[in-house]
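J.: Sequence:
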Amino acid sequence: MSSITAVKQRRVTTSTSSGKKDNDKGKLNTADKDKLLYDYNELPEWQKDNDKIITGYVRENNSFVNCLKSLTYLNNESVNIYTHLCSAMVYFVLLLFFTDLMLIPSFPSTTMTDYIIINFYLLGAFMCLMCSSCFHCFKQHSEAHSDIWSKVDYMGIIGLISCSVISLLYYGFFDHVFYFKLFAVITVVLATCCSVCVLSEKFNTKNMRPLRATFFIGFAFSSIIPILTGTLKFGLSEVVHRVQLRFVGWEALFYLSGAVIYGYRIPETIAPGKFDFFGSSHQIFHVLVVIGSLCHLRAVMGSYMFMHSHLNAPNLITFKV
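First residue of the sequence shown: 403, per my numbering; consecutive thereafter.
These aren't lab readings, by the way, just hints derived from the structure by calculation.
Keep in mind the model is a prediction, meaning the values are calculated, not measured.
Careful, some of the hints might be misleading.
The calculated lysine-lysine pairs, modelled on BS3-like cross-linking and capped at a C-alpha distance of 27 Å, are [claimed, not checked]:
#1 K450 - K583
#2 K635 - K450
#3 K583 - K635
#4 K553 - K471
#5 K454 - K553
#6 K583 - K454
#7 K437 - K471
#8 K454 - K437
#9 K676 - K583
#10 K604 - K454
#11 K471 - K676
#12 K454 - K676
#13 K608 - K450
#14 K604 - K553
#15 K635 - K553
#16 K450 - K471
#17 K583 - K608
#18 K604 - K437
#19 K450 - K437
#20 K553 - K450
Derived CB-CB ranges, DEER-like [to be verified]:
#21 V554 - S639: 39 to 45 Å
#22 Y517 - G681: 54 to 60 Å
#23 K676 - A546: 29 to 35 Å
#24 K583 - K608: 35 to 41 Å
#25 I506 - I672: 22 to 28 Å
#26 M707 - L634: 33 to 39 Å
Heads up, the beta-carbon is just placed ideally off N, CA and C, and yes, glycines get one too.
Could you build all of it, start to finish, from the sequences and the hints given here?
T.: And the structure:
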């Protein structure tokens with residue numbers, strides 16, 4: 403009887419101790435839920451992307467409200483979000499007022515086509531930066547939403563590249579409708595091919611990171627072909643003024659530098675944990691994208707002014723042609 407009693411006591415003790423452990427574990431989980439920031443090794447596997455960024459993560463929360471709350475405190479996505487969110491707002495204001503208040507009064511010869519082309523680029527820049535900002539804000543919702551928003555981000559990049567190329571095609575070939583239409587169609591076809599690729603699940607994996615950067619660079623640099631065509635037809639000095647080649651060159655340099663830095667994770671690869679909140683490769687990439695987009699806007703404005711200062715060609719492009 404005494405042995406049976408001893409066994410029962412051991413069972414009760416074991417049950418009680420396991421219950422305490424379960425309660426302690428529950429308290430730990432509750433405490434975790436109250437945390438705002440997590441380390442890399444505390445993330446679910448799908449959220450682990452850059453092991454050189456060690457701290458400052460917003461963990462998967464399955465809540466859009468909590469994602470939006472992350473805008474109110476510093477985390478390792480804050481710079482990524484706000485660099486593009488603030489820039490997107492600037493482009494939105496320009497989209498609403500710039501053409502009407504600045505350009506049309508400067509050049510009464512401004513056409514509806516000018517209005518559409520310039521606002522087309524401003525819209526593309528706004529959409530790209532806003533999509534990027536939304537991705538970095540909402541990607542910690544869940545794995546499914548992260549995949550969706552990453553594709554939205556990629557589509558925004560494709561949209562910006564397409565709008566950039568077409569805006570300069572218009573001013574580069576403003577008096578040669580055939581070349582404008584030819585290269586515009588090629589740009590749309592390339593954009594469609596890029597869209598099909600980025601919407602595939604395989605393209606969205608971590609090991610495709612360098613390829614993604616290369617892919618977008620290739621699409622952006624397809625604009626070299628119409629520039630070479632214009633050089634052969636008009637001469638280099640004319641092309642320099644038509645498409646403001648100096649600013650296009652700066653634009654390409656900023657985009658290319660940003661893509662290389664992003665693809666090779668510089669500088670956090672050199673000093674892991676030192677650039678968790680400020681100065682990481684993705685943040686540098688974001689800043690360079692904004693600067694590159696402004697260089698393109700300056701190129702479009704210069705091309706616009708050059709065209710309207712030399713309106714002696716009878717065959718100006720209009721969307722009625």
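J.: For every hint, state whether the structure bears it out.
T.: Evaluation of the provided hints:
1. K450 - K583: Violated, at about 44 Å.
2. K635 - K450: Violated: K635 and K450 sit about 51 Å apart, past 27 Å.
3. K583 - K635: Holds, because 16 Å separates the two Cα atoms, which is no more than 27 Å.
4. K553 - K471: Holds, because 23 Å separates the two Cα atoms, which is no more than 27 Å.
5. K454 - K553: Distance of about 24 Å is within 27 Å: holds.
6. K583 - K454: With a Cα-Cα distance of about 46 Å, the restraint between K583 and K454 is violated, given a limit of 27 Å.
7. K437 - K471: Distance ~13 Å between K437 and K471 Cα, so the pair holds.
8. K454 - K437: 21 Å, holds
9. K676 - K583: Status violated; Cα separation ~49 Å.
10. K604 - K454: 23 Å, holds
11. K471 - K676: Distance ~25 Å between K471 and K676 Cα, so the pair holds.
12. K454 - K676: 9 Å, holds
13. K608 - K450: Satisfied, since the Cα-Cα distance of roughly 9 Å is no more than 27 Å.
14. K604 - K553: With Cα atoms ~12 Å apart, K604 and K553 stay inside 27 Å; holds.
15. K635 - K553: 39 Å, violated
16. K450 - K471: 21 Å, holds
17. K583 - K608: Status violated; Cα separation ~37 Å.
18. K604 - K437: 33 Å, violated
19. K450 - K437: Holds, at about 18 Å.
20. K553 - K450: Status holds; Cα separation ~18 Å.
21. V554 - S639: 39 to 45 Å: 42 Å, holds
22. Y517 - G681: 54 to 60 Å: 40 Å, violated
23. K676 - A546: 29 to 35 Å: Once the Cβ atoms are compared, 33 Å apart, the range 29 to 35 Å for A546 and K676 holds.
24. K583 - K608: 35 to 41 Å: 40 Å, holds
25. I506 - I672: 22 to 28 Å: Given range 22 to 28 Å: violated, Cβ gap about 50 Å.
26. M707 - L634: 33 to 39 Å: 25 Å, violated
The structure fails hints 1, 2, 6, 9, 15, 17, 18, 22, 25, 26 (numbered hints given earlier, in ascending order).
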